[in-house]
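Undergrad: For the record, the sequence lines run as chains Y and L.
When we follow numbering that gives the first Met the number 0, the leftmost residue of the first sequence carries the number 0, and every step to the right adds one.
When we follow numbering that gives the first Met the number 0, the leftmost residue of the second sequence carries the number 0, and every step to the right adds one.
Zero decoy hints are in this set.
Result set (SDA-like, lysine to any residue): computed pairs, CA atoms no more than 20 Å apart in a straight line:
#, chain 1, residue 1, chain 2, residue 2
1, Y, Lys42, L, Pro192
2, Y, Lys42, L, Pro196
3, Y, Lys42, L, Pro189
4, L, Lys35, L, Leu59
5, L, Lys212, Y, Ile69
6, L, Lys212, Y, Ala66
7, Y, Lys85, L, Pro157
8, L, Lys212, Y, Ser71
9, Y, Lys42, L, Asp195
10, Y, Lys42, L, Glu204
11, L, Lys212, Y, Met78
12, Y, Lys85, L, Trp241
13, Y, Lys42, L, Asp193
14, Y, Lys25, L, Pro192
15, Y, Lys85, L, Arg182
16, Y, Lys42, L, Glu200
17, L, Lys212, Y, Gly80
18, Y, Lys42, L, Ala191
19, Y, Lys42, L, Asn190
20, Y, Lys42, L, Asn183
21, Y, Lys85, L, Asp193
FYI, nobody ran anything at the bench for these hints, they're computed from the structure.
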Amino acid sequence: MESNKRLEILQSYIRKLPSFPVTVNKVMEICYDANTSPADLSKVISLDPVLSGKVLQLVNSAYFGFAHEIVSPVRAIIMLGMNTVKNLALGLAVMSTLGNRKNFQALEMDGFWKHSLGVGVVSKLIAKKRNVDPKKLEGYFIAGLLHDIGKIPLNGRFSDEYRLAMEISDRDHQPLSISERQILGIDHTLAGSLIAKNWKLGTEIIDTIAFHHSPETYDGEQKDILFTIILANHFAKRSGIGFSGNPSMEKIGPQVFQHFSGGQETTFDFLHDLSDEVAQEIEKAQIFLKVAQ
Amino acid sequence: MKVRFWGVRGSIAVPGRDTVEFGGNTSCLELRFGGKNRLIIIDAGTGIRPLGDHLVQNDLPKGPIKTEIFITHTHWDHIIGFPFFQPIYIKSTKLKVYGPITFEEDTIENIMGDLLRYRYFPVLHGELTAGIDYFQLGECEMDLGDGINLKTKYLNHPLLCLGYRFEFKGKVLCTAFDTEPFRNVFSTDPNAPDYDPVASEKGEEAVREENQKLLDFFHGADILIHDCQYTQKEYFASKIGWGHSYFEHAINSALEAGVKKIVLFHHDPPRTDQELFALEKRYHECMANQSALEIVVAREGMEILL
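Given only the sequences and the hints, what does the whole structure look like? Please build it.
TA: In C-alpha cells form, the structure reads like this:
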C-alpha cells in the first residue's frame, strides 16, 4: 500500500475519532490542582452522565466489595476520599477517549499506558522541581501522557505492518519512528500530531507530539515542554516503566542538555534523584490501568 | 468467647519505660471460641510475635496449629509482625489469612508476601513451610463453622479497612480500628467560594447514613474494641482526615449503639502510661452513674471473657 493511501486512511480514521471531551480537560484540570474542593470534583463528574455512571459502576464493582450501593459521586467522595475518586475519574476520562483494548493489535496495551503515564508523571515532576509555574504543570503531565498517542491508530489500523516495524526496531536497534516510516511511510509523531490538531489541543501538546523524536529541527516556542518530555521519555525507558514498542534508547541531543543548562551527567543525576518519587506517583496512578481492563 | 490483647498500640511499636503498663506492641488480638478452643487472630502487628511464641509453647504440644488471621487493613502496624510469627515456619501449621484489598492492585497475598523479601527479611515468602492460604474480603457475612458467624464492614480510613463482628452463642465482639467518623467534606457554609447547596446537602445525608451504618454494625455488641488514637482536642486541632477516632467519639458511638463494654484501643505512640491512666480516670468519672456502659482502656496482656 502506498504511504499516501495510508495517510488517507489515517486521516479518515482521525476524523471519525470522538472529540476530546471537555470533561476530560476539566477532570485533568481539577485532578492536578491540589486545591480542588470536593464540590468541584463532584460537579465535574456529575455534569457528565456517562462519566459519573462509569465512576459509580467502578466504585460499586466487586473490586471494592461494598455491601450497599454507592449512588452518588458525593457519597463516593465521602466514603473513598478525594484522591481515590480523582484517580478513578481521571483514569476513566482518559481511557474512554483514547482507545480501548481492541485498538491494541500490535502494541501491548498495559505496557503502552504505563509508559505514557510514566512519561506524564516524570515530566510533571521535572517541571515541578524546576519551579515551572504551577498552573502549567498539568500541561506537562498531559503532554507526557499523550506523546505517543499516534501509535494507537497506526497499530490499530495497520497492525501487521506495525508488528513488522516493531520487529525491525528490535532486530536492528533502530528507533521505532524510523521503522514506522520505512514500513508505513508515516510515523507516530505525524499520526499523533494529526490527532492533536483534530482535537485542537494547543501548540504545546501538538509540538511535543510532533517533535519528540526530532528536537534538532524544532524552532518553535514550546522548547521547555518538548525537551522536558524528551528527558522524561528517556528516563521512563531507561527505568523500564512500561513499554510502548520502542526498544531503542535514542541519544538525547546536546540542545536538550543545553536547555537545562547542565551537562549530561548533572541532568541524569537530577533524574536519578527523582526515582523514588516517580515510583510512588506511578503506584498511585496504577488505578488507570485497573480502569482500562 | 475469650479475647486476649497482644498488641494495643497504633502506628508504631513503642517499647520503653513509659509504656510498661499499657504495652508498646501494635495491633494483635487472640480470640478463642467454645470448648474446642478454636483460635482466631485479628491483625498481625508486633503483638503477634509473642502470641506466636505462646502458641508454639502451649498449643503445638497438643497438635498442629490451625488458625485464621483476619487483617483489618495492610498498614504497617497491622501486618509488620507477620514474619516473626513462629508458626509460619512450622510445617504442620495450617493458616488462613483474610484481609481487604488495597486501592492499588495488590492482593493481600502479595502484600503479606512482600514483607518476606530479601530486602526486608532473610527468609522469602516462598520458603515458608506452613500451609498458608489467602483470601480477599469485602463487606460480607461468613459462616466460619463451629457456630461462629462473621460480618465485615468497611470503616472510614485512608486505606480500605474492615471492621469485624464476630457472633458466637449469642455473644458479639466487634472491632473498629482504624476508623474516624465520616464527615461532610463538602462546604456547608453558604458564603464559602466552593459552596454547592446540592452537594452540601447530599454530603450531610451521606455522612448521616454512613455513620448510622457503623452504629448498626456495632449494635448490641457485648464488646466493641474501638480506635481511640486521639483525644477530642487533639483530633479537632490537627488530626481530622487521618483515619482515627477520639475517645469521646468512640464512647458516644458505643452508647448510641447499645454496646455493653467498650475497649479503647490503638493508642497514639507518644501516649505514656501516666497519660492513659489519667484519661481512663477522666472518662470513668465522666460516665459514672450515667449509663451501664463499661469503659476499658486496652492493655497488653488483658483478657476478657464473654
